[in-house]
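Chemist: Letter by letter, the chains look like this.
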Amino acid sequence: MNNIILIIQREYLTRVKKKSFIIMTVAGPILTAALFTAPVWFALTENNEVKTVMIYDGTGHYKDAFEDSETLKFKFTDIQNAEERKKTFKSSGCDAMLTISGENNDKFVLYSEKVPDINIKEKLTNKIERFLEAENYKKLGIDKNKIDSAKVSVSLSTKILTSKGEKVGSAELPIAVGFISAFIIYMFIFMYGVQVMKGVIEEKTNRVVEILISSVKPYQLMAGKIAGIAAVALTQFVLWAILTAFITGIAYLYIGPEIIPQGQNLPAGEITTLNPASSLSNITTAILNFDWLNMFLIFLIYFTGGYLLYSSLFAAIGSAADNETDTQQFMLPVTIPLILAIVAAQGIIKNPESASAFWMSIIPFTSPIIMPLRFALGKYETWELVLSVVLLFSTFFAIVWLAAKIYRVGILMYGKKVSYGELLKWLRYK
Amino acid sequence: MYILKAENIVKQFENHTALSEVSIKVEKGTIFGLLGPNGAGKTTFIRIINQITAPDSGSIRLFEEKLKPEHIRNIGYLPEERGLYKKMKTGEQILYFARLKGMKKNEAEKNMNMWLEKFGILSWRNKKLEELSKGMQQKIQFIITVIHKPELLIFDEPFSGFDPVNTDIIKKEILALKENGASVIFSTHNMSSVEEICDNIALINNSKKILDGKVSEIKDSRKNNIYEIIFEGNFNQFSASLTASYEIIEHIRKDGKSKLKIRILNNMSTNDLLSLMLKFGNIVSFRESVPSMHDIFIQTVKQNN
Numbered sequence: 001m002n003n004i005i006l007i008i009q010r011e012y013l014t015r016v017k018k019k020s021f022i023i024m025t026v027a028g029p030i031l032t033a034a035l036f037t038a039p040v041w042f043a044l045t046e047n048n049e050v051k052t053v054m055i056y057d058g059t060g061h062y063k064d065a066f067e068d069s070e071t072l073k074f075k076f077t078d079i080q081n082a083e084e085r086k087k088t089f090k091s092s093g094c095d096a097m098l099t100i101s102g103e104n105n106d107k108f109v110l111y112s113e114k115v116p117d118i119n120i121k122e123k124l125t126n127k128i129e130r131f132l133e134a135e136n137y138k139k140l141g142i143d144k145n146k147i148d149s150a151k152v153s154v155s156l157s158t159k160i161l162t163s164k165g166e167k168v169g170s171a172e173l174p175i176a177v178g179f180i181s182a183f184i185i186y187m188f189i190f191m192y193g194v195q196v197m198k199g200v201i202e203e204k205t206n207r208v209v210e211i212l213i214s215s216v217k218p219y220q221l222m223a224g225k226i227a228g229i230a231a232v233a234l235t236q237f238v239l240w241a242i243l244t245a246f247i248t249g250i251a252y253l254y255i256g257p258e259i260i261p262q263g264q265n266l267p268a269g270e271i272t273t274l275n276p277a278s279s280l281s282n283i284t285t286a287i288l289n290f291d292w293l294n295m296f297l298i299f300l301i302y303f304t305g306g307y308l309l310y311s312s313l314f315a316a317i318g319s320a321a322d323n324e325t326d327t328q329q330f331m332l333p334v335t336i337p338l339i340l341a342i343v344a345a346q347g348i349i350k351n352p353e354s355a356s357a358f359w360m361s362i363i364p365f366t367s368p369i370i371m372p373l374r375f376a377l378g379k380y381e382t383w384e385l386v387l388s389v390v391l392l393f394s395t396f397f398a399i400v401w402l403a404a405k406i407y408r409v410g411i412l413m414y415g416k417k418v419s420y421g422e423l424l425k426w427l428r429y430k
Numbered sequence: 001m002y003i004l005k006a007e008n009i010v011k012q013f014e015n016h017t018a019l020s021e022v023s024i025k026v027e028k029g030t031i032f033g034l035l036g037p038n039g040a041g042k043t044t045f046i047r048i049i050n051q052i053t054a055p056d057s058g059s060i061r062l063f064e065e066k067l068k069p070e071h072i073r074n075i076g077y078l079p080e081e082r083g084l085y086k087k088m089k090t091g092e093q094i095l096y097f098a099r100l101k102g103m104k105k106n107e108a109e110k111n112m113n114m115w116l117e118k119f120g121i122l123s124w125r126n127k128k129l130e131e132l133s134k135g136m137q138q139k140i141q142f143i144i145t146v147i148h149k150p151e152l153l154i155f156d157e158p159f160s161g162f163d164p165v166n167t168d169i170i171k172k173e174i175l176a177l178k179e180n181g182a183s184v185i186f187s188t189h190n191m192s193s194v195e196e197i198c199d200n201i202a203l204i205n206n207s208k209k210i211l212d213g214k215v216s217e218i219k220d221s222r223k224n225n226i227y228e229i230i231f232e233g234n235f236n237q238f239s240a241s242l243t244a245s246y247e248i249i250e251h252i253r254k255d256g257k258s259k260l261k262i263r264i265l266n267n268m269s270t271n272d273l274l275s276l277m278l279k280f281g282n283i284v285s286f287r288e289s290v291p292s293m294h295d296i297f298i299q300t301v302k303q304n305n
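Protein sequence lines correspond, in order, to chains A and B.
Taking this note's numbering, the leading residue of the first sequence gets 1, the next gets one more, and so forth.
Taking this note's numbering, the leading residue of the second sequence gets 1, the next gets one more, and so forth.
No lab work stands behind these hints: they were computed from the structure.
Glycine is no exception: its CB is placed at the ideal position from the N, C-alpha and C atoms.
Worth double-checking, as some hints may not be accurate.
Listed next, the in silico DSBU-like pairs over lysine-lysine satisfying Cα-Cα at most 30 angstroms (straight line) [claimed, not checked]:
no., chain 1, residue 1, chain 2, residue 2
1, B, K214, B, K171
2, A, K405, B, K68
3, B, K149, B, K86
4, A, K18, B, K89
5, B, K178, B, K149
6, A, K146, A, K123
7, B, K5, B, K68
8, B, K172, B, K5
9, B, K87, A, K18
10, B, K208, A, K417
11, B, K105, B, K172
12, A, K18, B, K105
13, B, K86, A, K198
14, B, K128, A, K17
15, B, K87, A, K198
16, A, K86, A, K63
17, B, K172, B, K149
18, A, K217, B, K110
19, A, K425, B, K68
20, B, K104, B, K89
21, B, K66, A, K217
Partial selection, computed: residues in chain A whose CB lies under 10 angstroms from chain B [claimed, not checked]:
no., residue
22, L6
23, I7
24, R10
25, L13
26, E202
27, N206
28, V208
29, V209
30, I211
31, L212
32, V216
33, P218
34, L412
Pairwise CB distance ranges, derived in the manner of DEER restraints [said to hold, decoys possible]:
no., chain 1, residue 1, chain 2, residue 2, range
35, B, L175, A, I242, 51 to 61 angstroms
36, A, I242, B, S59, 58 to 68 angstroms
37, A, K19, B, K110, 25 to 35 angstroms
38, B, Q12, A, G421, 17 to 27 angstroms
Just need the whole structure built from these sequences, with the hints factored in.
Modeler: Below, the structure is given as structure tokens:
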């Protein structure tokens, strides 16, 4: 036991002191915070570059459809010959050229010299649609202003009825929490499972293992390594959570004041229906009302269980290989359930009580990702949760027992290309 | 008293037998040479003593007890495939391995400093292992093997990778450890070092023990009364006067001297030969030709293949 603690200490300290760990710990939250704040920032600072589009209207019908705006200017041409027109466009310095030769969709063609600009395409489509719509209104004798004023916008406030009464709840928050939890678990299993594998291979190629196992039992070495790296993963996770919250908070403090005045600048009539202040406080209460404590517990259980299960498999793979390229053939079957789970998670958000959602939250190789997701959504039965946890941990013990057998033989086996049949033989060794 | 007593050890792998019915005894306080060509089964035997693998059959007694897990704390093992953590600091590394062998931190630190000072590398404590030269890394590995003062030391090819100066230092240290009561198992195919430091040997070939005993006795039993002589004088007259009791095996004439190898037969003594030779000239050198361990090794292995 004492030796396992020594091994855990070494595995933990050498990794936490590494430069790459410190860089990842700082860079991770900055990237995540950027992911949260960048869309807001980009929305606030829109592109002000002026684009010019050359228009050839063969029908003579669309003259009024294209009015210059601040960022989009139009230049009309009446060159009939298509080839000549293209030549003129090329030398004109315009960003794109639109030719209209009829009323049908295939008669609108947008030319450009490089990849078509998505902005120009969208704006032109919009202009043509609006222009044709207005014409239709006129034909049908409808006043467009009346239609505009008849439009309404509604925001439902969502409440959950519990035994203690009703409380404000959000439909979007559980999805976000569930999916983020699932993704974090997926990412950490991958990142740190592979670390376990690399650690095993490193000891093998360094030949340290020979001395190590003349002092400790192979299973102690494996257990110590897995537990030590688990501690590193948890440290990294906690640091990330704290730093991300901190940096995002600061970023919103800088950008935030610019968002709120925009909402207040809306015309008086629209404020009554939108009421941004009340929807904002709804989100806050929904966040406060969410069952964070149990969510966190479930997250920890599956985070740990999933990591332990997969890292013992990764340890066995590492022991059977001499270098990382040798691990490919064994990596694939191990990673497929993981990848399958994270891909399926996106569908399960919409359908958390489907048969596939049920099975994937019970089977131990996918449950660490799917069950927290279903828990966050509140779409699970208690017995399902209990069964899932029990299965996860009993499978972990079985796998660890098997992995230790492979590991014990594998770490002393050099220069041998190992097959699946070989692994089966190792399981039967005394 | 035997520190190790292995009897009829058998270890079978998938397609080959690594050890078949090997029995080896190591006396306390001696240096025991475990010899054999590559792939003979030496490493498997050492791994069995270290309880890294278990034998299929046979019995092993270590420190006069049945083999048990606690024993490995009392063994120091230097594997042939050297290896340490490259990125770990030297001092931390030595302490880590010492503590894995059950040492207290203070004691481990004290012993470590003693050894580092002895090798004059105390200032390298805080350097990463990869910054050290190969010879220095080997010294660190040696320190890790002996730091916990084990009763039994197992060295697998300890001198490979050392220059002659360092080989000498390590040789002296091994002998000093023996003086202090440690027993040593020494696996090698470097025969000159066997002659210098081993008391007993066992030769393993193709998974079987084919020779064992005291080094001096093995060598004596291989002597065949041959003497190497350098002689200055009239060789022809001398050889003409030789009786059937002597056989000249080799004669090389160089710079006016004769280099001879003569076998003495029929209970004649060396003195008889010497007095005979003195009549025909000067004897520059005279010594008994003893087969080297190297020759014995090659001969025995060839006979058994």
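Chemist: Taking the hints in turn, state whether each one holds.
Modeler: Hint check results:
1. B/K214 / B/K171: 20 angstroms, holds
2. A/K405 / B/K68: 20 angstroms, holds
3. B/K149 / B/K86: Answer holds: B/K149 to B/K86 is near 25 angstroms, not above 30 angstroms.
4. A/K18 / B/K89: Distance of about 13 angstroms is within 30 angstroms: holds.
5. B/K178 / B/K149: The hint holds at about 11 angstroms.
6. A/K146 / A/K123: 25 angstroms, holds
7. B/K5 / B/K68: Holds, at roughly 14 angstroms.
8. B/K172 / B/K5: Holds: B/K172 and B/K5 sit about 27 angstroms apart, inside 30 angstroms.
9. B/K87 / A/K18: 10 angstroms, holds
10. B/K208 / A/K417: Measuring from Cα to Cα gives roughly 28 angstroms; hence the hint holds.
11. B/K105 / B/K172: 28 angstroms, holds
12. A/K18 / B/K105: 24 angstroms, holds
13. B/K86 / A/K198: This hinted pair holds, its Cα atoms lying about 14 angstroms apart.
14. B/K128 / A/K17: 14 angstroms, holds
15. B/K87 / A/K198: Given that 30 angstroms is the threshold and the Cα spacing comes to 14 angstroms, the pair holds.
16. A/K86 / A/K63: Roughly 20 angstroms between the alpha carbons, so the hint for A/K86 and A/K63 holds.
17. B/K172 / B/K149: Holds. B/K172 to B/K149 sits at ~16 angstroms (cutoff 30 angstroms).
18. A/K217 / B/K110: 27 angstroms, holds
19. A/K425 / B/K68: 26 angstroms, holds
20. B/K104 / B/K89: Since the Cα atoms of B/K104 and B/K89 sit roughly 19 angstroms apart, the hinted pair holds (cutoff 30 angstroms).
21. B/K66 / A/K217: Cα-Cα ~18 angstroms, so holds.
22. L6: Holds. Min distance 6 angstroms.
23. I7: 8 angstroms, holds
24. R10: OK, holds: A/R10 within 10 angstroms of chain B, min 6 angstroms.
25. L13: 9 angstroms, holds
26. E202: The hint holds - A/E202 has a Cβ within 10 angstroms of chain B, the shortest such distance being about 8 angstroms.
27. N206: Constraint on A/N206 satisfied, holds at 4 angstroms.
28. V208: 5 angstroms, holds
29. V209: 8 angstroms, holds
30. I211: 6 angstroms, holds
31. L212: 7 angstroms, holds
32. V216: With Cβ-Cβ at 6 angstroms, under 10 angstroms, it holds.
33. P218: With Cβ-Cβ at 8 angstroms, under 10 angstroms, it holds.
34. L412: A/L412 check passes; min Cβ-Cβ to chain B is 7 angstroms, inside 10 angstroms.
35. B/L175 / A/I242: 51 to 61 angstroms: For B/L175 and A/I242 the Cβ distance comes to about 59 angstroms; the hint holds.
36. A/I242 / B/S59: 58 to 68 angstroms: Once the Cβ atoms are compared, 59 angstroms apart, the range 58 to 68 angstroms for B/S59 and A/I242 holds.
37. A/K19 / B/K110: 25 to 35 angstroms: Once the Cβ atoms are compared, 32 angstroms apart, the range 25 to 35 angstroms for B/K110 and A/K19 holds.
38. B/Q12 / A/G421: 17 to 27 angstroms: Distance hint for B/Q12, A/G421 holds at roughly 19 angstroms.
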